Amino acid sequence: MRDGTLLLLQGVGREGHLRPYVPDAAEWWAWVRAACFLIGVVGFSAMGLRATPKGRGHFATKILVVLTAMTSYLALAFGQGSERLGETTYFSYARFIDWATTTPLLLLGLALLAVPQARDSLPLVLVLMAVDLYMILTGLFAGLSDEGSGVWWVWFVVAPSRSWCSTP
Amino acid sequence: MIFGPLANKASEKVGQGDEMQKSGDPVERYLGALHSVEGRWFVPMALFLALIWLVYPVNFFLEEQGIGLYTHPVSDAVYTVSDVVAKVIYGFVLLGGILAIERPAATALGRSPKEMSGEERDRFEAELHRHEGASARHKLLPVEARSGDGGARSRDGSPDGEAAAYETGPEGVRTDERDDAGRVRGKQDRL
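The listed protein sequences correspond, in order, to chains D and V.
Quick note on our numbering: the first sequence kicks off at 1 and runs consecutively.
Quick note on our numbering: the second sequence kicks off at 169 and runs consecutively.
One should not assume that every hint holds.
Simulated restraints on C-beta separations [stated by the list, open to error]:
#1 Ala35(D) with Pro212(V): 26 to 36 Å
#2 Ala60(D) with Glu300(V): 14 to 24 Å
#3 Arg289(V) with Ala60(D): 28 to 38 Å
Worth flagging that the hints you see were computed from the coordinates, not collected in a lab.
What you are looking at is a predicted structure, and each value in this text was computed from that prediction instead of being measured.
Idealized CB from N, CA, C, for every residue including glycine.
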């Protein structure tokens, strides 16, 4: 019985598990990435011990970023968080969940460098994060569309152009 | 509409920071040092991130979901390199910078906040908080001084030794009055 629980348990083991749609090369890259992000988590945490209270916010956001990315790639390495779309096409939605969380946090960290007081520039910082989310979501729509189709092209053009128009 | 105003804010922050570093108040100088270096970091870091993020749409366009110039392992390899650069390397650069900023700031203060402990640190943090509030909402300061963190400061007790280094300054008139009050109260507590 291939119910969800069984699939999940079988997906976790290294041998004899059900991973019919994830190629080994992609999995291997996911492991490399998860390992790199683990280095980030450990490194940032170690550096964070030397931070003053004023700098701790930067460390907290960066640790959350690499932790989220590591989790997403760990899932991909286990053959989870990815969907087969076509003959050779795979769509990794775990990556979009990762990007939707991490990129606004990276932009928040960047905006905190620029503004003297975050609360004074809150609308600007929130709009920056919202535009970024918009780009990730439209990218997700493009990823879910048939490759090379008209719909795909519309989303591909809409996603970055809308963001580029509002960011400069 | 976003990057421009943020870059303007960053250059304003540098200007403010440079001004604050001329102050006689050590906490003001500390914040000034932080502000001017952080402001200078914004444009290079934003360009770094923007350049790395350009790889994603290009890869998305070229991979199997786009025009199909290359397929799975290659696109994954590109995403791996750009992800690690955009998050881990970028993070190490930015956080290394944040740690490095502390050094000139500690010099401006006369003492590193990391060496402080207990009451001394609490007092420094309260002072820092008040200064940040002051730079953002200076019109509200007289009200805050009476009702806000003034109460917290009075519980701090008397500063001694090096702790006094950032307590007083020729320009911090309002601060000095409150410091004196706090110190007198602190001494009474001890007696």
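For each hint, the structure was consulted:
As the Cβ distance of Ala35(D) to Pro212(V) is approximately 28 Å, the hint placing it in 26 to 36 Å holds. Between Ala60(D) and Glu300(V), the C-beta spacing of about 18 Å keeps the proposed range 14 to 24 Å intact. The beta-carbon spacing between Arg289(V) and Ala60(D), approximately 19 Å, falls outside the hinted interval of 28 to 38 Å.
Of the numbered hints stated above, the single one contradicted by the structure is hint 3.
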